[in-house]
Every structure is written in C-alpha cells, then in structure tokens.
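All chains should be modelled from the sequences, with the hints used to inform the complete structure.
Residue numbers (my numbering), protein chains in the order written: chain A, 1 to 611; chain S, 1001 to 1173.
Hints are computed from structural coordinates only; laboratory data are not their basis. Be a bit skeptical, because a hint or two may be false.
Stated by the list, open to error - Straight-line C-alpha distance at most 20 Å; calculated DMTMM-like pairs for lysine to aspartate or glutamate: (1) K388/A <-> E545/A; (2) K145/A <-> E1019/S; (3) K145/A <-> E1021/S; (4) K1071/S <-> E329/A; (5) K388/A <-> D548/A; (6) K187/A <-> E28/A; (7) K146/A <-> D1050/S; (8) K187/A <-> E32/A; (9) K146/A <-> E1019/S; (10) K409/A <-> D461/A; (11) K1071/S <-> D318/A; (12) K146/A <-> E1021/S.
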Amino acid sequence: MTQTDTLSPSDIAQTQSGAEILLRALKEQEVEVIFGYPGGAVLPIYDAIFQQNAIRHILVRHEQAAVHAAEGYARSTGKVGVVLVTSGPGATNAVTGLVDALMDSIPVVCLTGQVPTHLIGNDAFQEADTTGITRPATKHNYLVKKSADLARVVHEAFYVARSGRPGPVVIDLPKDILINPAPYTAKPAAAHRSYRPQTAPDGAQIAKAISLLKNAKRPVIYSGGGVINSGPQASDALVRFAKLTGIPVTSTLMGLGAYPSNDSQFLGMLGMHGTYEANLVMHGSDVMLNMGARFDDRVTGRLNAFAPNSRKIHVDIDPSSINKNVAVEVPVIADAGLALEAMIEAWHADPATQNTAALAEWWAQIEAWRAVNCLKFRQTTEKGGIIKPQHAIQRLYELTREHEAKTGKPTFISTEVGQHQMWAAQYFRFDKPNRWMTSGGLGTMGYGLPAAMGVQIAHPDALCIDIAGEASILMNIQEMATLAQYRLPVKVFILNNQYMGMVRQWQELLHGSRYSESYSEALPDFVRLADAFHGVGMRATSIDELDDVIRAMLAEPRAVIADICVDQTENCFPMIPSGAAHNEMILGPEHGTGLNKGNAAGLTDEGLVLV
Amino acid sequence: MSNLQDTAIRSATISVLVENESGVLARVIGLFSGRGYNIDSLTVAPVETDRARSRINVVTSGTPMVIEQIKAQLDRLVPVHRVADLTQDGPHIAREMALIKVVAQAGHARTEALRLADAFRARVVDATTESFVFEMTGQTDKLDAFVDLMRPLGLAEVSRTGVAAIARGTRVI
Ligand SMILES: Cc1ncc(C[n+]2csc(CCOP(=O)(O)OP(=O)(O)O)c2C)c(N)n1
Ligand SMILES: [Mg+2]
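Right under this line is the structure:
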C-alpha cells in the first residue's frame, strides 16, 4: 500500500465517487464501449454512465452475451473488450463468456458488482463469491476492498488483460467502494511489480530455428491464434517469412486469416476437420515451426503419433504452452510478430543455403495430396434439389466477395459451434486477420450472435455475419432484441439441418447411429422469429432459392435471420476421429470412404473416451 | 531436452516468491488441483519486513515435463515474482518441524520414547505423567522415521509445518 488508507477531509472534497473514478480510469484506458446489464450492486456505475457521453453503453439481454460481444469487439479491433454486470447472478451468468475468453486468449475486462464490503461473506442478497468462482475462469481477478486501490486496480487490470498472452480479467466492485469518495491515480508509467511477460525473442534460439529450417527437407509452418493476437503486422510478417522461405503454411481454427487462404502456399486448416494436405504435411514434416499455436488436442490427434519424425520449433508468448503437450527441440518465448521479424532477419544473416531441391520435391508431394481435393462435395443443381451445407457456405463466401468488391465494406464472420462452424472454417476463405471470430477452445454454442453484435458495434459499416446452427442460435437468441435496439444489421445465416449435427455425426460414428436427444424437435419458425424481433426473416429450402436469399440478405439494411434448410444427413469431412493419428483421417463419401460405421480408422476404446 | 521425455517421477521442492495479496494462496492451490498436480507439502508465510511478499514452498512430484509445466504455470500467475526449483538448481536445505504427542503410562514405553527422542535430537516440550510432546526439526524423511518409531510406543497425534527450503551458499531466489 503506497496510498493512505484513510482520506483527509480535503482529499474528499477534491475526489469523486468510486463510480466516477472508475469511469475516469476507463476513459484514460481509451474505452469507447461497455457491454453490460444493470442491477442493484452496480447502480452507482450506471448513474455515472448516465451523466457522461464519452463511453457508450450497449445493453445486452444476457450477461453471457455481454462477454461474447466484448470478445467480438476485442477480436475484430485488437482492443480490450469491456463488460459490466451486477453482483450474484449477473456475475455467474458471465462465467461462460469469461472461460471462453480465457481459452481463446481474448483481452476482456469484466466489471462485476459486489455487495458492500461489510456484508461480504454474510450470504447477502445477490452475493456470490465472484473472485472465488472466476479465479480459474480468468487470467487474473481483483476484489477492490479499499477506495484508494480502485483506480490503480483498473489500470492494472487493463495491463494484465492485454499483455503477454491476453485474457479476461475480473474486477469485483463492492457497492460501498462505488459510492464512497476515492482518489484518482493515473495510469502508471513504471513496470508492473511482478507481471512482465517476455516479448522479444532470444537471438540464439532464433538462429537455431533458422538453421533447422534452412536444412529442412520437408518443413511446415503451423500458425495459430498467437499471430492474430500479435496484431496485423505479425500476419504481414508471416506472409513475408513464408514467401522468403517457400515453406507451406497451415493454420489452426484460431489462426485463420493470418495467412491469405487463396495463396498457393496455404494448405488450409489442420486438425480434426483439417484438410488432407495440411494433416499429411504435418505428419510427414521433418521440421515444424509452430508459430503461436498450442498443440491443442484437436490439432495433434493421438499424441504419440503426432508428426513423429519432425524436429519442432515452438514460438509462444506463454512459456507454459511450451513443452506442455509436445516436447519441442527449439522453444522460443516471444511475441509472434517480433519472432517473425527476427526470423526474417536471421534467415538473411544465416550463410547456409536452403535445401531447395528437397523443398521442391516436398511441394510435388503436397500437390499430389492436394489433388485429392478433400473438400469436394456434390451439389445437385436440379430445381427443388436439397442444399448441401458446404455449398451454402461456399456461395455465401462468393457472394460476400462480390458484395465486398462492390461496396468496399469488409466482411466479418462469426460462428456458433458444430458442423456449421467447421464448414465455415473449411469453405469460407479468409484473407485478413481479425475477420473471423469463433469459439475455439471452449466451443461455446451461443457465441456467434453476441460476438457478431460486438463486431458490428466496432465496425458499424461492415458486413457482420453469424454462421449458425439451428440449435446453437437458440442459446443466445435474445440478443436479436439488442440488434433491434441499436439497429445493428447483423446477418444470422442458419444452416438448419434440424439436428445438433455435430452430435449426430459422432453418434453415427461412435454410438451405432443411436441419435439420442440430438434431433432439434419443435424448432421455432425462424422467419417469424426474426419478424418478432423487428428483423427480417428469409428462408431457402431448395438449391434454386439459395443465391436469391443470400443476395437479399446482403442487400437488407436491417438485421436478418436467413433460415437455410440443408441436408440433414451431411457429415463434416475430412475427420480425424479422437485418438487417431493425422494419417488415419477419414475422407468424405465423394472419396468412396465416408462415415461407414466401424470404418473409423485407428479408432480405439481409448479414442472413445476422448471428446 | 531428452530429459523431458523421461517418464520417471521425480520430487521437486519449488519456492515461489509472491505478492502478499489476498487470494494468492488460493490461486496457487487452485492451479495444482485444477491441473491435477500433486502437492506433497506446502508452506506459506510473509518473508519481508514490510510483509509485502510471501514465500510459498511446495514439494511436488511428477515427470520432468510435468515439473517444468508446474514451474511455468506458477510463473505466469500475475502476483508471482519468482519461481525456483531448489531440487534442480543445486544443493539446498529443506526442513520441517513437527510436534509429536505420545501417550504412554507404562515405564518401558516412556523410557524408550525418551531414548529415541534423544537419538533423533527431538526436544521434549511438554510432559505429563501420561504423555510427552516432542518437538523435532529436520528433513521430511527423518521426521517420518521418528513418527514411525513412536507408533508402537503410544503415538497419539502429529502436527507438522510442512517444508521450508532455501538454497545453500550465496544463491538467492
Ligand atoms: C453450450 C454448449 N452445450 C453443448 C455443446 C455440445 N455441442 C457441440 S456441437 C453441438 C450441436 C450443435 O448443433 P447446431 O447448432 O444445430 O449445429 P450443427 O452441428 O447442426 O451445425 C452440441 C450440442 C456445446 N458445444 N456448447
Ligand atoms: Mg444443426
């Protein structure tokens, strides 16, 4: 404690209430928007918000959605997203969003109301042990017990949320702290006492990495969300490094957009529903450069069969991500952008010549894998023909490209969780970072609509589309009301297969096609639902209606729900079943294999245990 | 790097210098329970005159990869200043203190308990005609051995502090 605990009368005369001090600190942190929902414990903050204009408040319809909206805002801008919720149920409702942000490393500051300090621990009305509950749900959390700490804690929370590996931070604010006068302290110039993450790479490690890559015969760059989090200049550096070296690039679900997907060096996404070429390149590689990814189980498949002959370089800003799942030869603790810049320099500085002959051979092999065309599907063009979900995404992509070229408005895509999410990752192609928001680590159904809302707030003129499933969308459908209130023209593009498709797919594969509780019974009429929420509803039931509906959706200035009725039996391929290796991938029916029962290569009881 | 592949379990005494703020111990314990790491012993107390920082000593066990992971996970907690693996970093001293109650009326048991206490350099800090309380400081295994010896002699209760540890020589955390 550096400040005095008690304030003298003259201090109090000059100071403002805790709530006003809070807003002053938020302004100094350049906060523009708060996503929130009021309640008794935070009324002083709402009163202070009422009396100012610098910070805009967006009233959501559920606290979980407030956090996802802040995530969408953060992911599409690179700024910290801010949330405000009341004590007790307000805070507990926010928990799913916090864990989501934690798993995907998204910077969020969440302000939670709390009962007055003298009531803490008494089971007071709407009291919850918020710091206790959110401790494993956040990167860090604070309970402000003294007015003198308030401003400092706010500044520190923003620093922690955005520094190193970003993440959510909770500040629990007892009501008396908000009402009582508090002193203001400006953003500190000095470094944090204990939290100072390393961002600059170690030169010797970079040199080792370059030496491995120059001598590689079958190299691969496995790029992840860390490149996105590092900022657009890191994506730019990734492209320069890939072009300089000619090394193939694959990306995780979180990293899509960092490398332009239409570039010939891009192999598509890797992992459970990754492309054939991406997974076989990983499996066959002799040197792997992991740039800001974390060897997640969705990516590695069976660990003891993961890229067995590769020497691995792992660049990560979080030292605890290194050697967690996979032991690596060259760890580099650094920000991805700084590491890539250093690698470009080191590549030029290293006198060794690259093994280009081997690389050319590697590319010949890759082209052969590519020729398999693993994402191929058959769409009937007959009038009245059923829409394949893959085709719906592909047309959505093509028509938004046209729309973007015509209007100059960028397209941002969010998703819910399920098959539609994987199809979006496979068939929608991203050229720029920060345009793709999906719940990767937690896999939170209900993420997409509020996330798109947050994106639309940050980019009022952009085209924001939530690619949804009919089951997921119902998990935060109430946010349609928020869209109406703020006239946010978000487009909800539902791939309606009347099933929790991803669940159904697993039941087909692993549980003898016993479709236990995965049918979406008693669905609402989404067209009328849109109408009820002051939006516009549209529906396509056959292939000849699809393009018209997409075009109408893109032209519509209001919020839209487009109900795209798709093939209910379609499965998502390629697929590496849990517990299988990258080279034990199952391809779709177009490849004569498909999801015949018992055909899941490498599937063991051990795999069945995995999710 | 090859030792990371080692599957043998090793014990590690890890010292963590933390900001002395509320919830910091819960954070450390939550990290161990949440990620399924072992805690064999844990001690915590402020170690600076202004009580600004505390030292947590954890004795844990795991494969080398897990121990490295535990250290990295500890190090990234916001209020953590420094993490030292005393077991790996060089020679160190690890001690704990125990209070051991033996209830015995029989002359043989009483004399035997006293004789062993003497051999182990345990001090008698309380005595009645029916009981002794011994105080003993030493390494964990020495304390374990003494407690085992007391068992047949009327061991009634044990209270232990857990391990405090520090590096030998001039090295500091
Ligand atoms: C909150 C939450 N509950 C449950 C799940 C498990 N889950 C994953 S995908 C899925 C089905 C999603 O169905 P839908 O939204 O219709 O998408 P589809 O797979 O059909 O495209 C479920 C239930 C989850 N990911 N999140
Ligand atoms: Mg569905």
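Hints versus structure:
1. As the CA atoms of K388/A and E545/A are separated by approximately 13 Å, the hinted pair is consistent with the 20 Å bound.
2. Between K145/A and E1019/S the alpha-carbon distance is near 16 Å, which keeps this suggested pair within the 20 Å criterion.
3. Taking the CA atoms of K145/A and E1021/S, the gap is about 11 Å. The hint holds against a cut of 20 Å.
4. Distance restraint check for K1071/S and E329/A: the Cα-Cα separation of roughly 19 Å lies within the 20 Å cut-off, and the hinted pair is therefore satisfied.
5. With a CA separation close to 16 Å, the supplied pair K388/A and D548/A stays within the 20 Å bound.
6. Restraint check for K187/A and E28/A: the C-alpha separation of about 7 Å stays at or below 20 Å, so the hint holds.
7. Of the pairs offered as hints, the one joining K146/A and D1050/S holds, with about 19 Å between alpha carbons and a cut-off of 20 Å not exceeded.
8. Under the criterion of a C-alpha separation no larger than 20 Å, the hint pairing K187/A with E32/A is consistent with the structure, at around 17 Å.
9. For the proposed pair K146/A and E1019/S, the alpha carbon gap of about 17 Å is at most 20 Å, so the pair holds.
10. For the suggested pair K409/A and D461/A, the alpha carbons sit about 7 Å apart, so the restraint of at most 20 Å is met.
11. Proximity of K1071/S to D318/A is assessed by CA-CA distance (about 12 Å); at most 20 Å being required, the pair is judged to hold.
12. As the CA atoms of K146/A and E1021/S are separated by approximately 13 Å, the hinted pair is consistent with the 20 Å bound.
Checked against the numbered hints given earlier, this structure breaks none of them.
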